[in-house]
Amino acid sequence: MKIEKHDLNCLYQYCYSLTNRQEDAYDLLQSGIEKWLRSSTQEIHLGYIRKIIRNLYIDICRRKKLVAFEKFEENTPLLFSETSIEQINIDMESVEHLMSVLSDAERETLYLWAVLEYSAAEISIEIDEPRGTVLSRLYRIKKKLAASQHAHCQDIGSG
Amino acid sequence: MVKTIKQATRAHFEQIELSVEQLDKLNQQLTKEQKASASNNHINRPLRKTHYWAIAAVCLLSLLSVLWLKQPPEDIGAQIAREVVKNHLRLRPLEVTSKEFSAVSEYFTQLDFNLLPTALIDNERLHLLGGRYCSIKSEIAAQIRYQDNNGTAHTLYQAAYNQLHFGPLPSIEEGQLPKTYYDSGFKVSIWLEKGLVMTNVQPE
Numbered sequence: 001m002k003i004e005k006h007d008l009n010c011l012y013q014y015c016y017s018l019t020n021r022q023e024d025a026y027d028l029l030q031s032g033i034e035k036w037l038r039s040s041t042q043e044i045h046l047g048y049i050r051k052i053i054r055n056l057y058i059d060i061c062r063r064k065k066l067v068a069f070e071k072f073e074e075n076t077p078l079l080f081s082e083t084s085i086e087q088i089n090i091d092m093e094s095v096e097h098l099m100s101v102l103s104d105a106e107r108e109t110l111y112l113w114a115v116l117e118y119s120a121a122e123i124s125i126e127i128d129e130p131r132g133t134v135l136s137r138l139y140r141i142k143k144k145l146a147a148s149q150h151a152h153c154q155d156i157g158s159g
Numbered sequence: 001m002v003k004t005i006k007q008a009t010r011a012h013f014e015q016i017e018l019s020v021e022q023l024d025k026l027n028q029q030l031t032k033e034q035k036a037s038a039s040n041n042h043i044n045r046p047l048r049k050t051h052y053w054a055i056a057a058v059c060l061l062s063l064l065s066v067l068w069l070k071q072p073p074e075d076i077g078a079q080i081a082r083e084v085v086k087n088h089l090r091l092r093p094l095e096v097t098s099k100e101f102s103a104v105s106e107y108f109t110q111l112d113f114n115l116l117p118t119a120l121i122d123n124e125r126l127h128l129l130g131g132r133y134c135s136i137k138s139e140i141a142a143q144i145r146y147q148d149n150n151g152t153a154h155t156l157y158q159a160a161y162n163q164l165h166f167g168p169l170p171s172i173e174e175g176q177l178p179k180t181y182y183d184s185g186f187k188v189s190i191w192l193e194k195g196l197v198m199t200n201v202q203p204e
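Keeping their order, the protein sequence lines are chains A and B.
Number 13 in this note's numbering belongs to position 13 of the first sequence; there are no gaps in the numbering.
Number 66 in this note's numbering belongs to position 66 of the second sequence; there are no gaps in the numbering.
If you're looking for bench data, these hints aren't it; they were derived computationally from the structure.
Ideal Cβ positions, reconstructed from N, Cα and C, are used throughout, including at glycine.
Honestly, I wouldn't trust all of these hints.
[Stated by the list, open to error] Quick look at which bits of chain B chain A covers, simulated, 3 or more residues with Cβ under 8 Å: (1) 20-28; (2) 141-152; (3) 174-182.
[Said to hold, decoys possible] Partner residues are not named here, just some residues of chain B that face chain A (Cβ under 10 Å, in silico): (4) V2; (5) T97; (6) A119.
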């Protein structure tokens, strides 16, 4: 049984969405594959392997006493329309900055939405969290994106 | 260069790739773990009577299923047909839109091959819309979308040919006809052309 290069890269990119550091992403991927190989199911199902990786990452964060996936708060605004974030334009420099200011959970949500093209409902099933939590994260991503672009414009203006 | 948030995010992640050394290490890990798992299954332990009965029951059930079902294994072509029809129905947004084949072809920098304007697409009847990345049987592929004069979508998939993954396929250079399958109201044609697997999905 072999995981194809394309699938390994997809899993690596998913790990990177969580850790935002290539070295940590590679370590997480190695640990995830090790755990998958020891599991009772060895079907090559990327969604299942992603779940293993996610749970491992949560355990790592708990050990380091980091909050990777914050709980949904009732009064947090939700993104009511996914198309409102789809229409936003961004340059590549701003993307790099955006990734550094997003939380791990927000980066993961952005990855699932933009790269795997999951809807909010599909993301909710993938990460086993309420759809409201996903919409709340998308709203926060949109806000941080706007702030990130504003900061970038100011840097250009003052430069 | 300004892109939509989706395009920019995708471009950001797609530049993250495992190095050759990292890939080798992971593949070694996969092989090592599989060997370790196989050897653990062969630890010498005396089988109890209940184990023998369980083994006998499993063998009998397997024999009976083969005899009773008598169904030929689904061929790889049928599996491919099912997968591409599913992708075709999803109508995921195009990553590159153009009426020019060369412009669409230029977009696919991640492929190990150049896109081919196949001889089997009728360019008088079908109009190019654009393309996106996808995969067929876990192999990276290009999905190229066309539209006919009725506005109906046709999808052509191109992937590098690998006999292990795709099985033997008819080659149009050798005068062979494409393999044809029908799935969910669509006609799927699969053939080999200049070393590439071509799969066309159109309404039946």
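Results for each hint:
no., hint, in the structure
1, 20-28, "holds (count 5)"
2, 141-152, "violated (count 0)"
3, 174-182, "violated (count 0)"
4, V2, "holds, 5 Å"
5, T97, "violated, 15 Å"
6, A119, "violated, 28 Å"
Violated hints, listed in ascending order, are 2, 3, 5 and 6; each of the other numbered hints is respected by the structure.
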